[in-house]
Amino acid sequence: MQFRLAHISDIHLGPLPRVRRSELFSKRITGYINFRRNRSRADQPQITAHIVDFLAGLKPDHTAITGDLINLGLDLEIENARNWLAELGRPRDNTVILGNHDAYVRGARARALAAWQQWVTGDDGATIADAGDYPVVRRRGDVSIIGCNSARASIPFLATGYFHKDQADRLRQVLDAEHARHRATVVLIHHPPFPRATARHKRLIGLSNFTRVIRDCGAGLILHGHTHLATETWLDGPGYKVPVIGVPAAYQWPGYRKPPAGINLFTFDFARDQVTLRLERYGYRGEAGNGPDNRILPVEEKVLVGGRSLTAAG
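Quick note on numbering: the working numbering labels position 171 of the sequence shown as 979, and the sequence is numbered without any gaps.
Treat each hint with caution, since some may be false.
Said to hold, decoys possible - Here are the simulated lysine to aspartate or glutamate pairs, EDC-like style, with alpha carbons at most 16 Å apart:
| no. | residue 1 | residue 2 |
| --- | --- | --- |
| 1 | K1010 | D977 |
| 2 | K1110 | E1088 |
| 3 | K1110 | D1081 |
| 4 | K1049 | D1024 |
| 5 | K867 | E1040 |
| 6 | K973 | D1024 |
| 7 | K973 | D950 |
| 8 | K1110 | E1040 |
| 9 | K867 | E895 |
Source of the hints: derived by calculation from the structure; they are not laboratory data.
Please construct the entire structure, taking both the sequences and the accompanying hints into account.
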């Protein structure tokens, strides 16, 4: 039996809606300048559209989107992102967690959660209104997709994430319960949960709270966004290493200072009480006369985990 999970992140949907002057009397002014300097390419929406079209062609069983759908936390951005999600497919087939740009200013996180509720809520249907409602669990096939929250409004020039002990305690309970049912677990978090992943002003505060849970409970796979990079790191689990995978932002163009837009596809192969996990990376390669079928090409394919037990003991 197989389960195929796609991963995209950091959509930063454009173009940016018209911004009222009153909306810039906050941290948004620095974000607005940054967007105009670094993310306002005219072809950005087309690149994201190519990524979405290619994603549909992969026909994954589920898609994880690890935050930063928007840029400045504007109400119109939140509404546009909801419409974009509706076009992406059924909410039950797409899981969203929030990033720091989705919680850019005070109140933005609550508004985004309310608007995107169908994509952020767990199988229990409980309303997700704040960070205290995480983690959430969605069970698809033999895989449990566990969404965590690291997004919180921060002061200008900071893009830090937060993972407090109370969420860590709840994550521990969730992982123990899912592993007791012999289910493969995938943990989603926006900020990269490993040391020296980013500059200090973009780091995950409470990192040790997260890594301690993974060390004790384990996980099958951890997916993150935030860095806009195709990274692979491994965290210590209970007797085995846990893969931690990042993906380039879904808007980035070739020649940008970071890798062009990408998609990761994970295939879980289940046999009895064992699972093998494979990773395929795809990257945007631009127009350049290649034609629509060659805009997005394979970058890497590898086996991440071979024949591991589905129990927490690994």
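Hint numbers not upheld by this structure, sorted from lowest to highest
1, 3, 5, 7
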